[in-house]
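Got chain A sorted already, so can you dock chains B and C onto it with the hints?
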Amino acid sequence: MSSYERLFDIPIGPQHPALKEPVLLNLKVDGEHVVDVGVDISYNHRGMEKAAEYRTYVQNLYLIERVCGICNIAHTLSFGTAIEGLHGKPAPERAKVLRVLAEELERIQSHLLWLGIAAHEIGFDTLFMYVWLDREISLDIMEAFAGNRITSSYISIGGVKRDMTPEIAGKMLKGMDKLEGRMAYYRKAISEERTVLKRTQGVGLLGAADVASLSAVGPFARASGVAVDVRADDPYAAHELVPIKVVTGDGCDVFTRIMVRIDEVVESINAIRFCLGHLPSGPILQRLPRRVPAGDFLSRVEAPRGELTHFVRSDGSDKPYRYKIKTPTFSNIPSLAKMLKSTGRYVVNIADVPVILASIDPCFSCTARFERIG
Amino acid sequence: MSIYREAYRSLFGKKATLGYPYRDREMVHLPDGFRGRMALKREACIGCTICEKDCPSTAITIIVDQKGKRPVFYLDKCMFCGQCQESCPTKAISFTKEFENAALSRGVMEVR
Amino acid sequence: MDWALGLVSLLVFPGFALMIALSFLYEWYDRKLYAGIQMRRGPLYTGPMGILQPFADFIKLMSKEDLTPRHADRRVFNSVPVIMVALMLTALTMIPVTGASGLLSFSGDIVFAIVAMTFFCVLVFLAGFSSMSRYSIIGAERAVLQLLGFEIPLMLSMVGACIFSGSVTISGIVAQQSGLWNLIGPQLLGFAIFLIAAQAELERVPFDMPEAEQEIVAGWLTEYSGRKLALIRLARNLELIFIAGLAAALYLGGPLGPSTDALAPVLFPLYFIAKTLFVILLLAFMKSIFARVRIDQMVSFAWRYLIPLSLVQIMITLIWRAL
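Protein chains in written order, with the working numbering: chain A, 1 to 374; chain B, 1 to 112; chain C, 1 to 323.
Be a bit skeptical, because a hint or two may be false.
Cross-link-like lysine-lysine pairs, in silico, DSS-like; alpha carbons within 30 Å at most [said to hold, decoys possible]:
1) A:326 x A:198
2) B:41 x B:91
3) A:20 x C:64
4) B:53 x B:14
5) A:198 x A:324
6) A:326 x B:91
7) B:77 x A:20
8) B:14 x A:188
Example chain B residues on the side facing chain C (calculated, C-beta under 7 Å, incomplete) [to be verified]:
9) 2
10) 7
11) 11
12) 74
No wet-lab data here; the hints were simulated from the structure.
Backbone N, C-alpha and C fix where the C-beta goes; we use that ideal spot for every residue, glycine too.
In isolation and in its complexed conformation, chain A is listed as follows:
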């Protein structure tokens, strides 16, 4: 391309106000239009998989929880399922339902967090503040339910740590009613606000064919009409019992992603109500031996951001031989790179980059598991 001198490099990251975590998006821009992008995600290699090999399974529970603060329950649930799978002894029924409950509660707070960030990325700080205030409802419930707001340490190997009491259930139902009203409000407010529509409709387009071929996951893929959801495709915990409607949209743009996530919060609210109504009685924890039988296990969980895969190989000792994590953000990065390139009539402005990046709900610190050498 002979006119390459006209292009200008704009690095977004690794430190940038739009990013909460380190990533480098090297944009080639022509005026305000993004022509090309290079994505580098290896800025925060934390060596957690290696660290897991030096810790016992009990200690690893808390290490794995800290892979991602926001999806801590998804990670511990996946870890717990894997270890129980190696033992061949699934968790008790009551624990399974409580796990689903905790997971859906986490999905609510994660999606609300995302909604706030999306509003912030398009410069709508008032909406950001309102959404995060409502997120407090879910966090307060989580605190009463599990003992902590974010890193809840709720799920343990073989079950869950705390039982549901009627007081907490009542508090939860009340909070869910309030949240449901607020979600209806946000749905209305966002689809009415002209400036939000202008900034999100037709932005970050990625069709269903591309989503499928780039194997995107989570609400991001569902907003392009691809109904991938581990909860429905490969039910784990008590998801066979809890009815879940897979929310999809066909707008393929950032606006649809907002709407899909809002609807998923409503679905999660319904799932929590169902769980509270259908809580089986029985123990919540079965003690498992510290030494785990030798073998491999792969567990899949639908984290708020999409499919989360944990793989564990045990050699029969009390420490894993190998632990491998694949986070949903990793699966969505090829789609991100594709969305950020202008092609034909689809134009990406510099102003759209933050919200397109936010629309995959990235979590780069959870994703960076490799080091680029040389």
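Relative to chain A, chains B and C alone:
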């Protein structure tokens, strides 16, 4: 239009922020089961050292006092996961609601 | 002694000292309002209700390390903040505070006001371009692009006020409103256009693209730090008073209001403050209920809606006057 109404209401309504460190201290609400500074029931502890082995952040060391082995908790390392409470066979470890544990010296941040 | 009185009124009241003090007060007020709309509390601990916070920020920035990028055009980069403050203080002498006319009043001072606002944008462009940073250059480009959008409606809305009062002096426009404010007359549309364009001039949401934090870090301000940043912030606060004072003078009858001859020196500045605070309330409300639009959307919005509307507004004014 709904965001305008909300904005108007919030401007004259109650604010969400608590003036926590200097005022409104009594409004800080912690639920039961909150994991704050831990407490050890010395008479229940049998000195089995399981808590030390299970602690993910090595915040527990074992010392020997008149009654035998017992744990000491270092709050600067602790991440309040609650595994020691979980692992304790005699339920000697419990968590209080005390959450303002930051201090300028390490000695204060030990639970003996 | 005439010159001494003149010097005092230029430097102290209602001149530079008052304006700088008001600029801190208004920043505090703006932050409190913005925080209130978001259910936050805003500045809280510095002084009563945090009223000294902007001043504390200013002092803090003054004491910070002042960096100049190696590739920056030093002369332009260093002089822009000073020129910005000087420009705004000069422009503020046109704003009537104690009576119908400001410290300086001459035929065509409203043209000077427009020039000052445009020149501020040119300074923004110079600041961004001289820092030679990628983000600054994009911010500067956006500032100039935005100028294409909002300047014409801003001017046309002011022209409407001039036509209505048949005067090209701010004092003439203010004096003409001693009976009825322009806002209540045919200028309501003009006031709305003026506020929207002013929001762009002040670079506030929804038109803060030149310094969009999430996109280009701080836009044209990215490389500024320490004293220079403090001066730029001061200049922008002064610009806020300037715009609010101009809106008050053109549409809300300036500092004039019911009073007696003896009370006028006290009451008129208070009326001025009350009216400008009202304008800032509207601006803060506007800032908090919109998302930031894109630069292309802003320019097309200005040319598609604002400019035709301001022409319609001038037509209404002409018809009103003819009747």
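Please name the hints from earlier in the document that this structure breaks, with their numbers sorted from lowest to highest. 1, 4, 5, 6, 9, 12
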